[in-house]
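Q: Each protein sequence line maps, in turn, to chains F and E.
Going by the numbering used here, the letters in the first sequence line up with residues 1 to 359, in that order.
Going by the numbering used here, the letters in the second sequence line up with residues 1 to 324, in that order.
Rather than coming from a laboratory, the hints here were simulated on the basis of the structure.
Fair warning: there could be bad hints in the mix.
Claimed, not checked - Distance condition first, Cα-Cα at most 16 Å in a straight line; then the derived EDC-like pairs of lysine to aspartate or glutamate:
| hint | chain 1 | residue 1 | chain 2 | residue 2 |
| --- | --- | --- | --- | --- |
| 1 | E | K182 | E | D171 |
| 2 | E | K185 | E | D171 |
| 3 | F | K34 | F | D305 |
| 4 | E | K162 | F | D305 |
| 5 | F | K34 | E | E132 |
| 6 | E | K126 | E | E227 |
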Amino acid sequence: MAIVEVTPGDAAGAIPLATAAHRPKRRFRLGHSKKTIVGLVLLGCFLVLAIIGPIIAPYSPTAIGPLVGPPRSGSTIATQLPGAHHWLGQTNIGGDVFSQLLSGTRPTILVSFLAGAIATLLSVVIGITAGYIGGVVDETLSVIANVFLVIPALPLLIAVGAFLGPIRSSNPLIIGVIIALTGWAWGARVLRAQAMSMRSRDFVEAARVSGESAWRVIMTEIMPNLTPVIASSFLFTTLYAIGTYVGLGFLTVVGAGVDYNWGTMLFDATSSSAVESGFWWWYIPPGIAIALLGTSLALINFGIDEFINPRLRIATGGRKMRKNLGFKLRPQLGFTPVVREHSIEAGRHALRAGLGEAP
Amino acid sequence: MRLFARRIGFYLVAAVAAITLDFFIPRMVPGDPVLAELAGMKSAPPQALAALELQYGGTHQSLLQQYLHFWNMLLHGDLGYSLSLGNVPVTHIIAQHMWWTVVLVGMSTVISFVVGTTIGTLAAWKRGSWLEGLLPITTFIQAMPYFFMATLLVLVFSVRFKFFPSVGGYDFTKSSIGVNWKFIKDAIYHGILPSLTIVLASLAGWIIGMRNMMVTVRDEDYVLLAEAAGLPKHRVIWYAVRNAVLPQVSSFALALSFVVGGSLLTEIVFSYPGIGFTLLAAVKSLDYSLVQGIFLVITLVVLAANFLADIVYVALDPRTRQEA
Numbered sequence: 001m002a003i004v005e006v007t008p009g010d011a012a013g014a015i016p017l018a019t020a021a022h023r024p025k026r027r028f029r030l031g032h033s034k035k036t037i038v039g040l041v042l043l044g045c046f047l048v049l050a051i052i053g054p055i056i057a058p059y060s061p062t063a064i065g066p067l068v069g070p071p072r073s074g075s076t077i078a079t080q081l082p083g084a085h086h087w088l089g090q091t092n093i094g095g096d097v098f099s100q101l102l103s104g105t106r107p108t109i110l111v112s113f114l115a116g117a118i119a120t121l122l123s124v125v126i127g128i129t130a131g132y133i134g135g136v137v138d139e140t141l142s143v144i145a146n147v148f149l150v151i152p153a154l155p156l157l158i159a160v161g162a163f164l165g166p167i168r169s170s171n172p173l174i175i176g177v178i179i180a181l182t183g184w185a186w187g188a189r190v191l192r193a194q195a196m197s198m199r200s201r202d203f204v205e206a207a208r209v210s211g212e213s214a215w216r217v218i219m220t221e222i223m224p225n226l227t228p229v230i231a232s233s234f235l236f237t238t239l240y241a242i243g244t245y246v247g248l249g250f251l252t253v254v255g256a257g258v259d260y261n262w263g264t265m266l267f268d269a270t271s272s273s274a275v276e277s278g279f280w281w282w283y284i285p286p287g288i289a290i291a292l293l294g295t296s297l298a299l300i301n302f303g304i305d306e307f308i309n310p311r312l313r314i315a316t317g318g319r320k321m322r323k324n325l326g327f328k329l330r331p332q333l334g335f336t337p338v339v340r341e342h343s344i345e346a347g348r349h350a351l352r353a354g355l356g357e358a359p
Numbered sequence: 001m002r003l004f005a006r007r008i009g010f011y012l013v014a015a016v017a018a019i020t021l022d023f024f025i026p027r028m029v030p031g032d033p034v035l036a037e038l039a040g041m042k043s044a045p046p047q048a049l050a051a052l053e054l055q056y057g058g059t060h061q062s063l064l065q066q067y068l069h070f071w072n073m074l075l076h077g078d079l080g081y082s083l084s085l086g087n088v089p090v091t092h093i094i095a096q097h098m099w100w101t102v103v104l105v106g107m108s109t110v111i112s113f114v115v116g117t118t119i120g121t122l123a124a125w126k127r128g129s130w131l132e133g134l135l136p137i138t139t140f141i142q143a144m145p146y147f148f149m150a151t152l153l154v155l156v157f158s159v160r161f162k163f164f165p166s167v168g169g170y171d172f173t174k175s176s177i178g179v180n181w182k183f184i185k186d187a188i189y190h191g192i193l194p195s196l197t198i199v200l201a202s203l204a205g206w207i208i209g210m211r212n213m214m215v216t217v218r219d220e221d222y223v224l225l226a227e228a229a230g231l232p233k234h235r236v237i238w239y240a241v242r243n244a245v246l247p248q249v250s251s252f253a254l255a256l257s258f259v260v261g262g263s264l265l266t267e268i269v270f271s272y273p274g275i276g277f278t279l280l281a282a283v284k285s286l287d288y289s290l291v292q293g294i295f296l297v298i299t300l301v302v303l304a305a306n307f308l309a310d311i312v313y314v315a316l317d318p319r320t321r322q323e324a
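For reference, chain E alone in the conformation it holds in the complex (with noise of 0.2 Å):
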């Protein structure tokens, strides 16, 4: 339990980092881009620039008051306002985006985990064989951006062979978003290619870390005496891997900051309708609330994730349960 309460801790400290650092972003460049451009916008609607003078706290007060107001509006679930997308609460266009970005990445980095990490196994277990001869390669597909991953499976996938659709997150003229299957069935379809886009950009660094970490465990005394002991070989392997797996999950965090960006840059390519294609509609219209908004609520979502990738760590190494 003492471990569970610092690292509540820590995150909660990341957290009040990330809101003070969503806080100074606008606030850090010289020549206030916000207030240029509240003093550009004659035309917007009064209220509208009202709300973005209190965000922003004009030029009349401290850098203090406004952090503190800054603070307050947050706790009230209080985003301000989207000027780009006609003066909707940001926290509105959040929700109605964010699932789609958490359902993709969710399922394409569990995915991605999964099969790198069974691959890694495999390619460590039979050392010398062709799995180990493939690393190379999978360095290269790692070192392509998603972006351009993305790039060569419309090429081939939803040009070349018309398999799979190429641009958005379901058919609107066939389905309507819910809880029915029809809709379902339309946003698997839509989702595959930007799904394998994430899995195998990101499978090749799952692969070698589980690769290297098997390789030095299974040379421990206690995979040889298991082995020496004449367990069954999935028995053996299955010792060694559940040794070898931890690091794989508590590097987690790094991974999932990289998963995140590249997904951001998966769904531009598709337009899918997440999260990061919202991005890059506000850094165009330069719609900063929006900006602030997402950045901020993509960071909470994945300090919520490492969390959970926390927990897990917790349940598979008995000794961090031990220490508390």
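This is chain F alone, in the form it adopts within the complex (with noise of 0.2 Å):
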């Protein structure tokens, strides 16, 4: 007598776990790569630090004082260099360059991902109108997007907060729905093609032939397929709202005497000579900081395009799969290997038992 072992509590999941380990379902997963693992890790990371930063910073990020950093050798006058008061030393007028950076994260974070959201909604419910209902809706909306996408956006958001000022563009909620007003139009015009080549596959026609309203094939039949499409569009438009706040606080448009940002950061370092004196504690930890959050979205949408498209996985397989299968695997015209983790213990077997060992 076979025993089924069936996951509890679970109606829908009463599938013989035996099956389902064979036929493992091919679910939007992330984490399967390390590209993927290391973005999610220093974005885990950043977002702790935007939590709890500002209350762990040591000093207020406005507060000036002496400079007390150890002194350079052969001199006894203190400096700003970083020291055990100053982690990672101080400004030209003694403010705390980690706590600056410290309370920069929340500022950056909260508005890049507002408008990250605002954004990838917008395009969402635009680009997936247009693709699925087409004809004069999809004209429209299409030239809206367009429109948008070829008028360059930071000289418009640098006009907007000129006209604003420095207090209400600093609202994170305002200078969140700009960027957003900004951002969404790329993510339209990819999700308004992948609806459309949605609306003609079976399955849509499926549903639209048996009676279902247009709202319900959208969310039920074309959204679900969209997810990784959506997730990549939202990735995509963080990262740009990452790079146009600290560009605006660069500026002096945002956060000028309101709060800190990263780019206020280096744009008071850079307006006080900070590279010629040799200052580099002030700039390079901001600069790395906005680098690295962008990296770690950008190795998530790694993953996510990797999931969308298998091909473009670096394609060796890297140094486990190529100890499992005994050689190293290479693309070739016309073959791509894309390897399943499960499928290395088979292939193994399989390889084995070709050449005539011993299983």
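Got two chains here, each in a separate frame; can you build the complex from them with the hints?
A: In structure tokens:
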């Protein structure tokens, strides 16, 4: 008598686990590739810092004080170099770089994720509507999206920010919405193309013919299949929002005198000739922080891209796979090896059997 | 030809949208900063105040009248007067600074496109080589903001090793602006670091875009056929490239918008005498007509560049010509 294990409490999942193990479902799962894991961990660190950063910051970001860093060799005068009191050193007027960096995390993350979320919502609504409904609606929405795409965003944001004034444009909600308004068009265009190709698929046709409403077809048939594309579009837009927000900070359009973001720090540093004076601790940390945050999102995006199009995976399969298979995979024309982790074992057995070895 | 008519129609719509946006930017802000500014400027010359009031319509005109007036001024090539730079027409200031930016951004974008597309092609053709392993690093470089990249280049090439100047577009003590070899040499010398910044910061996008497209195209039947027929390798690659490069050209619009934004920031780091540096100065000194004028001109130039990219696309892809 075969014993069939059933997941308890899950009515829909009443599938024998044995079968499930042999035929795993290809569902949207991240954390498969090393790149995605690195990206997720990095992003997690930044999210934690965004929450606790301003609390654990040792000084107020706006505080100025005497320079107390370790003196240079052969001198007794205190400098702004990094030291025990100020881990990342001080600015030229004695501000604590570490505290500024920590308190800069929250506005940067808040604004960019808010902008990314709003823009993605806009692009989903506009893109899928245009792609699914088609006709005049599609024409109109496409022209609007393309107009937003060709108008350069940063000059527009600078002009808007200049008229809003620094106080209003430093409000995270206002600046988030404005950045989102300039950033939705690309995602809308991608999603429109995807929705258009979905519309003519059999399962969508079937749902439509069986009398489902357009709303229901979009929500239950199209949207679930576009999840990776939407996620990728969200990450891409958030990446754009980070660059834009920090750039606006650098231009002192946002944040000047209101709060610290990493762009403001870089502006302070460059406008005080920190580069020429060799104050590397002032401008390197915020720059690296921006680049790392951006990289984390881009790495996760790589994972999603490789999920959508398995060909994109860097094709050698890594060291582990080479060890398991016993030879190095090299893609050739017309042949792109895409090996799933769980099939390695089976592949090795087959290979050994083929080579006449005992399994 | 029908295709061209459609594209021209689209760019006209985009231009009208940009101009309308430009009109509404100062007017959608509550509290009307321009009028507040007017009230606070008793010392400005009266004809400048009159010009500003004419440009922004004061309070006694309806919105539609103001809008029509705005178009009327625009069609006469009048973008108002800059208050912060001595009441000079905005068009003069823009004409003076725009060429720096156009040449800088244009050359850097072309270099970045060619180099990035080539690297992307090689990375996709030799799958599994070290080039492909470099992809995550290019992501890190791309995630750096332009102005940070500029700062690092200044640190290395101009502070540490004094190879290139870090400030300005030319040395006005040695040469004067004009079409002479001395000036051109000096301008190139000063332009290397800003240009390198833009190239490096925008390279990764082209590399990854081309690599992802090539990876898909090289599995197409016609590439396999070309290989099987024994064509020389460079011919096979060429057939794949011709097809893979099309999405690169069509994503030019998005890329250009990014690059223009980034180059504004780059100019500020290098105090480059282009339009970005002027824009920052205008924002700082609340010179509203200059801000508006610069936004409008940048947008129109970007639209023109996109139109050029469209023409290149039609030249590259015979299918678009067949339709016409």
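Q: Output the indices of the hints that this structure fails to meet, ascending.
A: 4
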